[in-house]
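Chains P and E, in that order, are what the protein sequence lines are.
Number 59 in the numbering used here belongs to position 59 of the first sequence; there are no gaps in the numbering.
Number 177 in the numbering used here belongs to position 63 of the second sequence; there are no gaps in the numbering.
Misleading hints may appear alongside valid ones.
Said to hold, decoys possible - One side only, chain P facing chain E, incomplete, derived with CB under 10 Å:
no., residue
1, Tyr36
2, Phe46
3, Ser49
4, Ser85
These are computed hints drawn from the structure, not numbers from a lab.
Glycine included, every Cβ here is placed at the ideal spot set by N, Cα and C.
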Amino acid sequence: DQQVKQNSPSLSVQEGRISILNCDYTNSMFDYFLWYKKYPAEGPTFLISISSIKDKNEDGRFTVFLNKSAKHLSLHIVPSQPGDSAVYFCAATGTQGGSEKLVFGKGTKLTVNP
Amino acid sequence: ETGVTQTPRHLVMGMTNKKSLKCEQHLGHNAMYWYKQSAKKPLELMFVYSLEERVENNSVPSRFSPECPNSSHLFLHLHTLQPEDSALYLCASSPLGQGGFFGEAFFGQGTRLTVV
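Extracted from the complex, chain E is given alone in its bound form (with noise of 0.2 Å):
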């Protein structure tokens, strides 16, 4: 158990569908991520939010939509996805330390995401 959930484990979605992914934590951290991890490649980072703020966007195709609306809570919007964005997507969280340097990163179990 690291403090950070992801929910849900499991999901399977048609093309024409829209879902969301969510992540929560309590560790009082101040910057969340939202990581893709693909077969046989490296965990992709999709976007950052520090102090709810988004500061990094990985060239993310704009189906896939983020929203953090407060320090314990993030969203990942899902609208008409790909066979290939099937992967784990997984959440993580830090503090946030001076200079804008980010602390190790808890992650959650993930969330393995399945378009068909």
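This is chain P alone, in the form it adopts within the complex (with noise of 0.2 Å):
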């Protein structure tokens, strides 16, 4: 049973447009969520993250946003460059009771057009 889910396994976007990856989860006792990026070849980088006391969190081109009455949250990036074009994983961990860890999506691919 999974945990975090990304139900797009790609997406295709045209440079400048806005990006929109989302995730949903179903572990109410998740209370911090991450979005990791993922070049070919190369591990996964750590790019934005946000706590549950949140509903929006944002760095340079990249927000995240939390529904956490739906269990949903989504990572806009805009403008998109096609320097974007990667894996995007999302993340969810509770941080409550020791022993944490982190649960990771599928992953979406996002491909950015010039």
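Starting from two chains that each stand alone, build the complex the way the hints lay out.
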């Protein structure tokens, strides 16, 4: 049973437009969420995170939105650039209770066309 | 460069071979992980070491044996693997915060393993 779901395996966007990557989770104990970006032949790199006490976190062109009632988060990239083309993984964890681990989604492959 | 280094980058091994994957970090992190990434599957957590003690073992077959001799090094010993074990094996490290919360993980580049 997947606790973190990224239902779109791929997304294609024109350069300069907005990219929206979605993620759903099922475990109500999750209270910290992260996005990772992965280029081919490299390990994932941390991009941005959000705690459940917030509903939005912004870092430059990247904004993550969290809707706790819907158990849904999204990553917005605006404006999208060709260098943003990569696989984006959503991850979630619980920060209470010890021994928490990151649970990852399957990833969404973003292609930004020039 | 994330500060987490994995060697080798690529490995081809037969089913009767014994090999080891190595991971090294000098970020001062207290937690280290092994993940497996197979095609079209989520990243699967295999092992977690916190302060050099194994705290998580996600039902991984015994043909995978981790070792954490100190907080900077993590090994994954491989023995009598199967072709379906072919995958990208990723090491990660993270700081260990209050309440046992593991902060953002920093990943190595991975070892692409092929079992023939």
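Right, here's what the structure says about each hint:
no., hint, in the structure
1, Tyr36, "8 Å, holds"
2, Phe46, "5 Å, holds"
3, Ser49, "6 Å, holds"
4, Ser85, "18 Å, violated"
The earlier numbered hint that this structure contradicts is number 4, and it is the only one.
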